[in-house]
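Enquirer: Next come the chains, spelled out residue by residue.
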Amino acid sequence: MKAFFSALLKSPSGLAGFVLLSLFIAIAIFAPMAGLVSPIRGDLMARLSPPTWTGPFSPGAHPLGTDEVGRDILSRIVNGSRLTLLLATTAVVLGGIVGTLLGIIAGFYGGIVDRILMRLVDIQLALPLMLLALLVVAALGPSFVNLVIVLALTSWIRYARIIRGQVFALREREFVQSAYAIGASTWRIMLRHILPNVLTPALVVATLELARIIIMDAALSFLGLGVQPPNPSWGRMLADGRVYISTAWWIVTFPGLAILLTVLSVNLLGDWLRDHFDPKMRTSR
Amino acid sequence: MIRFMLGKLTEAAIAVWGVITIVFFVSRVLGDPTALLLPTGASDAELAALRSALGLDQPLLQQYFSSMGAMLRGDFGVSFQHMRPALDVVLERMPATASLAFTALALGVLFGAIAGTIAALKRGKLAEFIVMIAALLGQATPVFWLGLMLILFFSVQLGWLPSSGSGSLAHLVLPALTLAVFVSASIARLLRSSLLDILGEDYVRTARAKGLLPQTIFTWHVARNALIPVVTMIGIIAGELLGGSVVTETVFGWPGVGRLIVQAIQNQDFPVIQAGVAVVAVIFVFINLAIDLLYGFLDPRIRQGR
Numbered sequence: 001m002k003a004f005f006s007a008l009l010k011s012p013s014g015l016a017g018f019v020l021l022s023l024f025i026a027i028a029i030f031a032p033m034a035g036l037v038s039p040i041r042g043d044l045m046a047r048l049s050p051p052t053w054t055g056p057f058s059p060g061a062h063p064l065g066t067d068e069v070g071r072d073i074l075s076r077i078v079n080g081s082r083l084t085l086l087l088a089t090t091a092v093v094l095g096g097i098v099g100t101l102l103g104i105i106a107g108f109y110g111g112i113v114d115r116i117l118m119r120l121v122d123i124q125l126a127l128p129l130m131l132l133a134l135l136v137v138a139a140l141g142p143s144f145v146n147l148v149i150v151l152a153l154t155s156w157i158r159y160a161r162i163i164r165g166q167v168f169a170l171r172e173r174e175f176v177q178s179a180y181a182i183g184a185s186t187w188r189i190m191l192r193h194i195l196p197n198v199l200t201p202a203l204v205v206a207t208l209e210l211a212r213i214i215i216m217d218a219a220l221s222f223l224g225l226g227v228q229p230p231n232p233s234w235g236r237m238l239a240d241g242r243v244y245i246s247t248a249w250w251i252v253t254f255p256g257l258a259i260l261l262t263v264l265s266v267n268l269l270g271d272w273l274r275d276h277f278d279p280k281m282r283t284s285r
Numbered sequence: 001m002i003r004f005m006l007g008k009l010t011e012a013a014i015a016v017w018g019v020i021t022i023v024f025f026v027s028r029v030l031g032d033p034t035a036l037l038l039p040t041g042a043s044d045a046e047l048a049a050l051r052s053a054l055g056l057d058q059p060l061l062q063q064y065f066s067s068m069g070a071m072l073r074g075d076f077g078v079s080f081q082h083m084r085p086a087l088d089v090v091l092e093r094m095p096a097t098a099s100l101a102f103t104a105l106a107l108g109v110l111f112g113a114i115a116g117t118i119a120a121l122k123r124g125k126l127a128e129f130i131v132m133i134a135a136l137l138g139q140a141t142p143v144f145w146l147g148l149m150l151i152l153f154f155s156v157q158l159g160w161l162p163s164s165g166s167g168s169l170a171h172l173v174l175p176a177l178t179l180a181v182f183v184s185a186s187i188a189r190l191l192r193s194s195l196l197d198i199l200g201e202d203y204v205r206t207a208r209a210k211g212l213l214p215q216t217i218f219t220w221h222v223a224r225n226a227l228i229p230v231v232t233m234i235g236i237i238a239g240e241l242l243g244g245s246v247v248t249e250t251v252f253g254w255p256g257v258g259r260l261i262v263q264a265i266q267n268q269d270f271p272v273i274q275a276g277v278a279v280v281a282v283i284f285v286f287i288n289l290a291i292d293l294l295y296g297f298l299d300p301r302i303r304q305g306r
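One line per chain: the protein sequences are A and B, in this order.
Per the numbering used here, residue 1 is the first one in the first sequence, and the count goes up by one each step.
Per the numbering used here, residue 1 is the first one in the second sequence, and the count goes up by one each step.
Keeping only pairs whose Cα atoms sit at most 25 Å apart, straight-line, the calculated BS3-like set for lysine-lysine is:
1) K10/A with K125/B
2) K122/B with K10/A
3) K210/B with K122/B
No lab work stands behind these hints: they were computed from the structure.
As the structure is a prediction and not an experimental result, all values here were calculated from the model.
Based on the provided sequences and hints, a complete structural model is requested.
Expert: Have a look at this one:
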């Protein structure tokens with residue numbers, strides 16, 4: 001852990017990503033205690049008011065302005081981050097567990113098991129992720145649980161492919177052979193000897209996937225298939241603000257900036273993790 | 001080589017079949033479209049009549065096998081909404097999607113290749129720093145938001161370009177630019193790291209020691225090898241773009257396949273969903289086949305199956 005942080009301190013971009021992401025997570029966790037105005041109840045007298053710093057026509061209390069029903073943009077962005085981060089993290093963890101386990105099984109057994117899994121991967125790769133997600137969300141309904149399942153479903157193949165390759169190499173190693181020799185069961189070998197050795201690549205993939213899933217979640221709610229109103233979500237704010245783009249630029253500008261900064265921080269951290277732990281993965285992504 | 005191709009073709013066919021099967025069953029969960037098709041207040045008898053006319057009253061597996069057989073003959077059924085063959089409805093949208101995809105891809109690959117090469121050759125210089133920052137930002141920007149920002153700037157503020165619709169070259173500029181930013185950012189980053197990897201190889205040092213011209217080394221020893229991962233990524237991106245960039249097409253009101261499928265999902269227009277997804281999957285699979293062949297061209301070891 002100490003070595004991890006001292007290496008992180010040497011990389012300006014990795015450190016920037018880590019600090020920014022920690023900051024966003026802290027904001028998301030402590031948002032309810034920040035004394036922000038309600039993200040759901042609007043102040044109709046102050047509808048479409050521009051950000052405070054842009055001029056004298058803005059009535060006070062809305063630093064980033066308000067939307068078409070007078071809801072505070074800042075409060076909606078901050079509260080929207082709670083749901084986005086929770087959803088994306090849960091989906092990454094779920095997709096990561098499924099993908100890692102399937103990758104281990106395929107790599108370990110090889111043969112027919114591996115071939116079936118790779119055909120599944122092919123099928124899923126031939127179906128654009130966005131269409132798959134749209135179809136499943138439309139069929140099952142856009143609840144939190146369904147969104148997590150859909151996003152995890154678009155994600156597992158990336159773990160499975162990379163980890164399968166790693167396990168191919170690992171299973172020939174001496175420590176696995178000796179575990180066999182002393183009579184360890186297959187499951188024990190997979191979970192106690194192989195799994196710890198693939199956790200690092202899984203973590204690297206997970207960070208990069210987190211960025212992709214945050215954007216995909218925003219895209220789904222932009223298309224109206226995200227978490228349903230009145231809960232604030234970044235993608236939905238952009239979709240609603242589109243109508244007012246010619247008169248109220250701030251409604252569509254700030255939620256997008258929030259997505260950009262969050263994804264940027266995750267990417268910076270993910271790039272650093274990848275280069276730090278496994279430089280060879282760089283071009284094989 | 002022929003065995004290699006046959007194997008790839010079989011895999012491709014299985015993938016397309018799998019996609020169509022998944023889509024068939026998932027879209028049946030969407031619900032019963034008959035209520036949407038008839039005016040409100042239609043009697044139960046009318047609903048039932050329509051349902052049996054559309055074949056929706058038969059057991060699910062029977063529907064699956066009969067529509068599978070029809071699909072093999074290129075018959076995807078009649079669109080519930082457009083009342084015309086679903087495949088025609090989808091193929092009509094293909095030119096719009098393809099023109100957007102190819103423009104975005106060409107621009108993105110051009111900018112990405114230039115930027116990535118500069119970043120790799122000017123290692124540690126200001127040029128690399130600028131390219132990498134731009135690429136990081138480009139990758140972190142959600143396309144639909146970038147689209148909105150471009151509309152805000154070029155359509156609302158400056159009034160230079162139309163914000164949505166299609167039909168003229170001016171309509172193509174903003175959506176193509178939006179997609180090209182993401183494409184070029186991904187390609188620049190990948191090409192840079194791929195070039196740096198190859199520049200560190202022993203055979204590049206040997207070529208230098210032989211006294212070959214730097215241009216010769218770069219063209220024949222470095223670029224050719226560094227392109228392999230980039231070609232993979234271009235293929236993946238091309239497939240995604242040709243599948244219809246759902247979100248970009250929505251932002252700009254572009255009448256492409258992606259938007260058509262989204263509308264079909266909303267309207268529970270099963271034949272169009274199936275035809276659309278099948279077309280997309282076939283395109284995607286064929287692009288991947290083309291890439292496998294390109295590999296053989298770039299790397300003789302793959303061609304000879306070693």
